[in-house]
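K.L.:
Take these sequences, add in the hints, and give me the full structure.
Spelled out, the chains give:
Protein chains: 2
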Amino acid sequence: MTTIKHIAKQAGVSVTTVSRALNGYSDVNAKTRKRIEKVAEELNYSPNSLARSLVRNQSETIGLLVSGFTKESIKDGFTVEVMSGINSYVAETEYDLVLFNTDSSKQRKKTYTQLCKERRVDGVILQGIKTDDPYLEEVMESDIPCVFIDIPVSSDHVGFVSTDNIEGARVAASHLAELGHRNIGMINGHEQAFVSKERLQGYKLGLQQHGITYVPEYVKDGSFIEQEAYNQAIVLLQTHPEISAVFCASDLMAIGAIDAATHLGYRIPEELSIIGYDDIPLASYVSPALTTIAQNKYDLGYYAARMLINILKNQQKPEKCILKTELKIRQSTSTSIR
Amino acid sequence: MTTIKHIAKQAGVSVTTVSRALNGYSDVNAKTRKRIEKVAEELNYSPNSLARSLVRNQSETIGLLVSGFTKESIKDGFTVEVMSGINSYVAETEYDLVLFNTDSSKQRKKTYTQLCKERRVDGVILQGIKTDDPYLEEVMESDIPCVFIDIPVSSDHVGFVSTDNIEGARVAASHLAELGHRNIGMINGHEQAFVSKERLQGYKLGLQQHGITYVPEYVKDGSFIEQEAYNQAIVLLQTHPEISAVFCASDLMAIGAIDAATHLGYRIPEELSIIGYDDIPLASYVSPALTTIAQNKYDLGYYAARMLINILKNQQKPEKCILKTELKIRQSTSTSIR
DNA sequence: AATAAAATCCGAAACGTTTCGGATTTTATT
DNA sequence: AATAAAATCCGAAACGTTTCGGATTTTATT
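Same order as they appear, the protein sequences are chains A and B.
In this text, residue positions in the first sequence follow the working numbering: the first is 137, and each later residue adds one.
In this text, residue positions in the second sequence follow the working numbering: the first is 137, and each later residue adds one.
Accuracy of the hints is not assured; some may be wrong.
Put simply, identical chains are the same to the list, so a pair is met inside one copy or across any two.
Calculated lysine-lysine pairs in the DSSO-like style (CA-CA distance at most 30 Å, straight line) [what the hints assert, rightly or not]: (1) K174 to K340; (2) K207 to K266; (3) K453 to K464; (4) K145 to K246; (5) K246 to K167.
Worth flagging that the hints you see were computed from the coordinates, not collected in a lab.
What you are looking at is a predicted structure, and each value in this text was computed from that prediction instead of being measured.
P.N.:
Here it is as structure tokens:
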């Protein structure tokens with residue numbers, strides 16, 4: 137492996153000059169630079185980023201901490217699409233991405249912050265962690281620049297990007313109300329998700345705007361899991377047969393709910409309207425195709441990466457960034473027949 | 137940021153001893169070790185992996201080079217699932233994963249090998265590159281340990297894992313033949329994919345085993361793209377109306393083909409049987425649910441990661457690893473009515 | 001030709017570890 | 001108590017860069 141020293145020797149010059157030549161400094165003679173570049177080329181030199189990072193005290197590396205990259209949750213294209221957005225932006229820069237493994241066994245021994253500090257990442261993007269995750273606190277206490285996705289926290293070194301969950305959920309509920317539904321159930325995620333709290337709020341708001349009173353028993357938690365949503369939908373529909381429409385806080389749960397309803401003999405959308413949230417790839421392929429609130433998951437990642445890198449370059453203070461959502465009307469919702 | 141020196145000073149001991157204590161060497165007194173560990177804890181020490189990597193000349197980092205992590209190809213859950221498998225295995229080890237960005241602008245300036253050498257990754261996993269990708273050659277010429285997915289190359293430092301594409305395609309064709317079909321079309325990927333060559337071979341073999349002669353005009357390339365498969369299916373079915381079954385080299389293309397056939401007025405599977413390949417999450421959700429050859433994409437990644445790390449630890453020579461596939465019969469194929 | 005200014009170059013220290021080879025201290029043996 | 005053996009510790013060099021401060025060389029000015 138050839139180093140700067142080899143080049144220096146070969147070119148008859150000091151390592152300082154080699155370093156400065158190769159890094160484009162102005163105080164090196166054009167001819168010298170040419171010669172050095174030629175030697176570097178000949179010796180097939182590539183700089184050792186470890187050494188550089190060590191002395192520069194920055195690694196040009198950003199950490200990616202995602203949950204939901206497990207075998208089970210692949211079907212839910214959400215995480216992946218966010219990652220793809222992150223990847224795309226980062227690809228435009230000189231940074232590389234290191235994927236931190238959220239394996240539980242390792243997690244026990246080393247905290248995330250330790251991982252980040254060891255690897256000397258310049259910053260971190262976090263996605264899919266729960267509100268009660270100890271890492272949330274850890275990050276706030278550390279001074280690692282950091283951008284959260286879908287968790288509204290901020291400080292002088294942490295920002296976040298999210299979509300407008302309240303508005304999205306409000307639109308979902310309104311859509312159902314405007315179709316004439318009065319008894320609208322909801323299958324939410326879980327307590328430890330900020331988005332769930334917000335979506336519940338939006339749901340209530342939507343009902344209120346249409347003069348519908350909020351019935352707590354109409355709301356169940358499905359933990360963002362298809363099967364769990366199936367179970368909760370069964371319960372919900374059996375105990376409250378007056379319900380004619382259900383808002384699900386994720387598409388995967390909506391798919392579970394459709395299955396449940398179909399199993400109970402409902403025809404969809406004629407007898408039961410179901411609206412999802414996310415607009416994952418599956419949404420438009422299932423039948424009936426899912427009416428849903430679309431989030432731009434790719435942008436979520438793209439903007440998160442952009443914000444982080446801007447922070448790292450001191451071009452921006454951490455801030456919040458809220459993306460718009462969009463109602464996509466497909467086949468799983470229709471006017472109430474009751 | 138506290139270093140080993142701070143600890144040494146605080147604990148009244150040399151840096152050598154701190155290093156050896158923290159790394160579990162035997163030649164340090166139990167009491168000294170305790171004291172050092174306590175100081176390290178108090179000072180909130182975490183080792184600088186950059187410095188360690190520099191002197192050890194290994195980074196405990198493995199590079200991941202995937203194409204197909206773009207916005208467009210997310211629907212095809214293939215890449216993601218492979219990545220998830222890789223991630224899972226790597227999570228069990230002390231390695232971390234760095235994602236190399238295959239952005240074209242960067243690509244032009246730095247070759248993959250340069251990226252790998254700069255970042256000093258210990259090894260690389262490659263997925264989704266084409267057979268005419270210059271990097272293939274680059275890798276073979278370098279000495280970076282490396283595992284390919286779905287490209288059968290090997291040397292003293294490169295191995296690969298793949299599925300049995302010939303057998304899988306043979307089973308697909310046989311399945312159709314056994315349902316009574318005699319005119320079986322195929323929509324393949326493209327010339328630059330090894331898997332396409334193999335699947336074509338398997339398709340021919342399957343036909344042959346059932347006494348069906350191979351008709352070159354029955355085979356089109358759909359480039360693994362849904363829309364392109366749609367187009368090719370239209371052409372294929374219009375020019376050869378005798379075709380009663382089509383084997384598609386990917387599920388996404390099968391979905392495109394189903395769309396095309398439906399558009400042309402075919403009822404599926406009654407009038408046209410379609411079988412896919414991959415068994416992506418979508419496959420079981422579309423209607424009719426897709427009969428397909430399932431590959432264990434997760435395992436593909438998992439085994440690739442395992443092989444690479446075994447190579448790095450000198451516990452294994454690079455080798456090839458071929459996984460089995462499985463025919464999943466769903467609703468898109470049925471007996472021939474002609 | 002002497003001097004000043006600009007251009008070009010360099011030595012040495014530093015980043016935070018690991019590790020070689022040997023030194024010192026402690027314990028066991030006679 | 002002297003000696004040998006084992007246990008414990010340490011100094012210094014090394015990994016491959018960058019960068020500070022200054023030295024040397026070249027060019028421009030008088």
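K.L.:
Hint by hint, note whether the structure agrees.
P.N.:
Now for the hints, and whether the structure bears them out:
For the homomeric pair K174 and K340, neither the shortest alpha-carbon distance inside one copy (68 Å) nor that between copies (52 Å) is at most 30 Å. With identical chains, the CA atoms of K207 and K266 are at most 30 Å apart both within one copy (19 Å) and between copies (26 Å). In this homomeric assembly, K453 and K464 never come within 30 Å of each other (Cα to Cα): the closest approach is 34 Å inside a single copy and 53 Å across copies. Taking the closest pair of Cα atoms, K145 and K246 come within 30 Å of each other only across two copies (25 Å); inside a single copy the shortest separation is 43 Å, beyond that limit.
For a Cα distance limit of 30 Å, the shortest separation of K246 from K167 across copies, 24 Å, qualifies, whereas the shortest one inside one copy, 51 Å, does not.
Hint compliance for this structure: hints 1 and 3 are not met, and every other hint is.
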